[in-house]
Amino acid sequence: MLATFKYLPGHSLIHRLDPRTKLAAFVLVMIATIVVDDVRVLLALFALSFGYYLLADLPWRSTWKAWAVVLFFAVVIIGLINVTLFGMAPTYIKSFHPIFSFPTIKIGSFVLERTVTWEIAFVGFARMLRPLAIMAMILPFTFTTDPYMYGVAFRRMGLSDGVAFALDLSLRYVPTIARDFFTTVDAQRARGYELEVKGGGIVNMIRRSAPLIVPVTINSIAGGEEVVEAMELRAFGVGPRTWTASDTLRFQLADYVVMGFFLLTLIAIIGLRYLSPYGPYWFPAQWFE
Amino acid sequence: MMDKNNLWKFGTREIVYSAIGAALYGVLNWVFNNLTLPGSTLVSIRPPVVIPMFMGIVFGPWVGLFTGFVGNVIGDLLSGYGFFWAWDVGNGLLGLIPGLLPYVGITEIKTGRDYVYAIVACIVAAFVGIAFPALLADPFILRNIDFNGGLTTEFLPAGITDAVNGAILTPILLYAWNAYRARSGR
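As you go down the protein sequences, you meet chains H and L in turn. For the first sequence, numbering that gives the first Met the number 0 assigns the number 0 to the initial residue and increments by one for each residue that follows. For the second sequence, numbering that gives the first Met the number 0 assigns the number 0 to the initial residue and increments by one for each residue that follows.
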């Protein structure tokens, strides 16, 4: 098994954007999803985010797993479990349109009743749209940005040399550590080791992971000492580090357009939230009369 | 291990061990991601959570924080899961909190009492680390789940799993580390 990042080189508009622009767009949309509970606004925001995702021209076979995870979270965890069991309509909503009620549970004087209403369902729809909009913004970043540019991008965003270099170095260590791990797995298997034993239980499974985790960890740390010495011999940290790839990062017109577009979207949503009479939440009571 | 005076130092040694820790945590997360716990949300049985805890104890809170945060990002990048910043911060806390052991006078893990402190620090880190995304970020910052929902579907399954992982594997890893140090003279 090869440890490879899911970066997909390409020539789409999103591929050509500066990594800092993609991060800024993601942060702006994430803030926009937080400020409202209005399903219409969040639906429009999701449509915008999904349009941005489509511009990245990413193949479905590469992104389906991320969508499956976020759909499971949105539909099962938020929609089916959280909204039905714990969801509440905003306190200022006085209407009550029931969908269904759970059977009443009585234990002595303790009575547990729960009715799921359309008012709660609309809170749930809004909540389900949030992670979907965020995922549509972050996938283009992770799939269209070369991981080896992360260090440079973060350095240019004001992170210290040390942290940016640590980030860069960690990505470069991945193939080596993955190779060492699978060598260890093969060596342990040759000695008759098995991770999953029938009827072992979770605690036993955790305990049995030690023969894989311990040698790889100690071996990696032992090798690190030589890297520290080599870096110190080359006077690492004495002066500012030169980032050769730094020159390739420059904002183009498209970067300003994308950042400006999402900034205006955020401002419009904040305006709708605070200046319009609709408030943060919307419930079409007339649909259910 | 670190002493209280240079606990927050981030020099060459910390940079290299942060990078190693993050890569290690990312790769192990990616490998162990397929061991999913039934009935929980995005929570896997994750023995690798021991890595940020161990790195925090041995190399200090910054290394633990970096290992947890960046390692979780790398694991998600390798798995193709996207980016969940609140969980990345939570994983960072898993490494940072055990790194604060010198504040309670534990600068070396040698005696049985030191191991007990290390285990308690890992359990506290597991619950505090998971509380950030499950009880704070998801219900109040990202607002995609209710507090009770976060408590039952995220905090309890993930917190208990991480605490059990940390309590079982951290002493094993620390013991192996001490043996290695004694043998190599480092």
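Hints listed in this document are in silico derivations from the structure and should not be mistaken for laboratory results. Small disclaimer: the values here were computed from a predicted structure and weren't measured. For glycine and all other residues, C-beta sits at the position ideal for the given N, C-alpha and C. Errors might be hidden in some of the hints.
[Said to hold, decoys possible] Okay, the calculated beta carbon distance ranges per label pair:
hint, chain 1, residue 1, chain 2, residue 2, range
1, H, Leu-70, L, Tyr-102, 38 to 46 Å
2, L, Ala-178, H, Met-156, 54 to 62 Å
3, L, Val-127, H, Phe-250, 33 to 41 Å
4, H, Gly-107, L, Asn-147, 36 to 44 Å
5, H, Val-237, L, Asn-177, 32 to 40 Å
6, L, Ala-178, H, Tyr-192, 48 to 56 Å
7, L, Asn-177, H, Tyr-192, 21 to 29 Å
For each hint, the structure was consulted:
no., hint, result
1, H:Leu-70 <-> L:Tyr-102: 38 to 46 Å, "holds, 43 Å"
2, L:Ala-178 <-> H:Met-156: 54 to 62 Å, "violated, 42 Å"
3, L:Val-127 <-> H:Phe-250: 33 to 41 Å, "holds, 39 Å"
4, H:Gly-107 <-> L:Asn-147: 36 to 44 Å, "violated, 22 Å"
5, H:Val-237 <-> L:Asn-177: 32 to 40 Å, "holds, 33 Å"
6, L:Ala-178 <-> H:Tyr-192: 48 to 56 Å, "violated, 20 Å"
7, L:Asn-177 <-> H:Tyr-192: 21 to 29 Å, "holds, 23 Å"
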